[in-house]
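Peer 1: Residue numbering for the sequence shown is -39 to -1, 1 to 328, as defined by mature numbering (1 follows the signal peptide of the UniProt record, and there is no 0).
Because the hints were derived from the structure by calculation, they are not lab data.
The model shown is predicted, which means the values in this text are computed figures rather than measured ones.
Among the clues, some could well be false.
[As the list claims (entries may be wrong)] Between beta-carbon pairs, the in silico distance windows are: (1) G280 <-> I130: 17 to 23 Å; (2) N77 <-> A172: 32 to 38 Å; (3) N77 <-> G305: 26 to 32 Å; (4) T164 <-> S24: 57 to 63 Å; (5) N244 <-> E149: 36 to 42 Å; (6) V41 <-> A172: 48 to 54 Å.
[Said to hold, decoys possible] With a Cα cut of at most 27 Å, we get these calculated DSS-like pairs of lysine-lysine: (7) K283 <-> K233; (8) K283 <-> K65; (9) K286 <-> K90; (10) K69 <-> K90; (11) K233 <-> K290; (12) K290 <-> K90.
Beta carbons: idealized from backbone N, C-alpha and C, even for Gly.
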Amino acid sequence: LQTQIYSAWSLCPENMCATMTLRFLLLGLFVLMLQHAVGSTVPSCTAPTLENGYFYPNQSLYSNNQVLTYACDIGHKPVVEGWWATITCQSDGWSDVARCIDEKACVKPSIPNSENIDMEGNTLEFTCKTGYEPQSYNCVDGSWSSMPVCASNVRACGEPPQVPHAVVIYQHYREEFADGTMLLYECEEGYTTEKYGTKASVTCQKGTWTAGPTCRETVTENDGSTTGTGESVTPSSGVGLNRCGEKPFITNAEIVQTGSDYLKYACPLYYKLEGPDTVRCLNNGLWTPLPFCREAFCHVNTEDYPFLINIQAEFLLEGEKKRFKCVEKWGWFSTYSEFECMDGISFLFDGCFIATREWVGDHKEIK
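Using the sequences and the accompanying hints, generate a full structural model.
Peer 2: Pasting the structure below:
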């Protein structure tokens, strides 16, 4: 037996099949459009709760992108500017919270160049970005008699001076720095400052940076001695200090006292002298053991810690503790994290706690 299979199309005249195909396509397109239209009107928000106010339109369900307008009863006003306000139904809920407040309360303002604005009642707290400072403000009978603003700080400094053969370390680039900010420079390898160190600092003082360092090429002489000035260094012989030739070069140290046969060294701020501070020239033409300056500071860059209010880089002396304000609050109270500098490493206690709370927890090394 031979079985022959015929498709439905083989039994259909050509014109009729084409017409059926077109009808099926149009029907499918109509169904898709109907589904889209129905889906776009599916309610996605329930009616919000509003005390001391009323809505329009007043419905139990609202569709996506539908705008709801509300106003407040006598003696109250919306939490935003104006005597009426709107919120929009979005796929993830309402665009804002509908709320009516006492008419003698001030509305939370928009403050350019500010961050971390927080307001409860008439108590307003905010911080200004670097280079700006808050101006006085006051809320009287529901209006700001003087608007809260972050004004440009005339004592702030612009970008620090560019120093050939040096870079600024431990700090991201900024266009403005607050008064009192200290920045640390490091000379390119093979260069030293005028004090024969590799690091030097500048400070913002009332809108002006202190003088920047000069990084000079370090020259090695034939006898192994070095100078950061490029000048010739020639050991000499004779009496007193001359017996030992050129004065010893100690990185980041400077000579603070010169005697008949000795030199006294000191290290700048953020460095600690290790070894004897006095070096003597012996009768055999040799110097007694030399000290050295080791780094005795830590840096904390708040930009690296999103839970802290950003105040840019801060330097801590060895053994110093410092509190940094956290973004989150504990009720009405500001919270803090505390860093401690130990052996050149910043350590951070767990969590952000209110200042009056006893600190507990293990240290964590911040790398």
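Peer 1: Hint by hint, say whether it matches the structure.
Peer 2: Going through the hints against the structure:
1. For G280 and I130, the Cβ-Cβ distance of about 21 Å falls inside the hinted range of 17 to 23 Å, so the restraint holds.
2. Checked against the hint of 32 to 38 Å, the C-beta distance between N77 and A172 comes to roughly 35 Å, which is consistent with it.
3. Range check, N77 to G305: about 31 Å between beta-carbon atoms, so the 26 to 32 Å window is met.
4. Distance hint check for T164 and S24: the Cβ-Cβ separation is about 60 Å, which falls inside the suggested range of 57 to 63 Å.
5. Look at N244 against E149: about 40 Å separates their beta carbons, and that is inside 36 to 42 Å.
6. Distance hint check for V41 and A172: the Cβ-Cβ separation is about 50 Å, which falls inside the suggested range of 48 to 54 Å.
7. For a cut-off of 27 Å, the pair hint linking K283 to K233 stands: about 20 Å separates their Cα positions.
8. Only pairs whose Cα atoms come within 27 Å are accepted, and K283 paired with K65 is rejected, the gap being roughly 40 Å.
9. Distance check on the hinted pair: K286 and K90 sit about 14 Å apart at the alpha-carbon level, within 27 Å; holds.
10. About 18 Å separates the Cα atoms of K69 and K90, which keeps this hinted pair within 27 Å; it holds.
11. With a CA separation close to 38 Å, the supplied pair K233 and K290 exceeds the 27 Å bound.
12. The straight-line distance between the Cα atoms of K290 and K90 is roughly 19 Å, inside the 27 Å bound, and the hint therefore holds.
In the structure shown, a violation is registered for the earlier hints numbered 8, 11, in ascending order.
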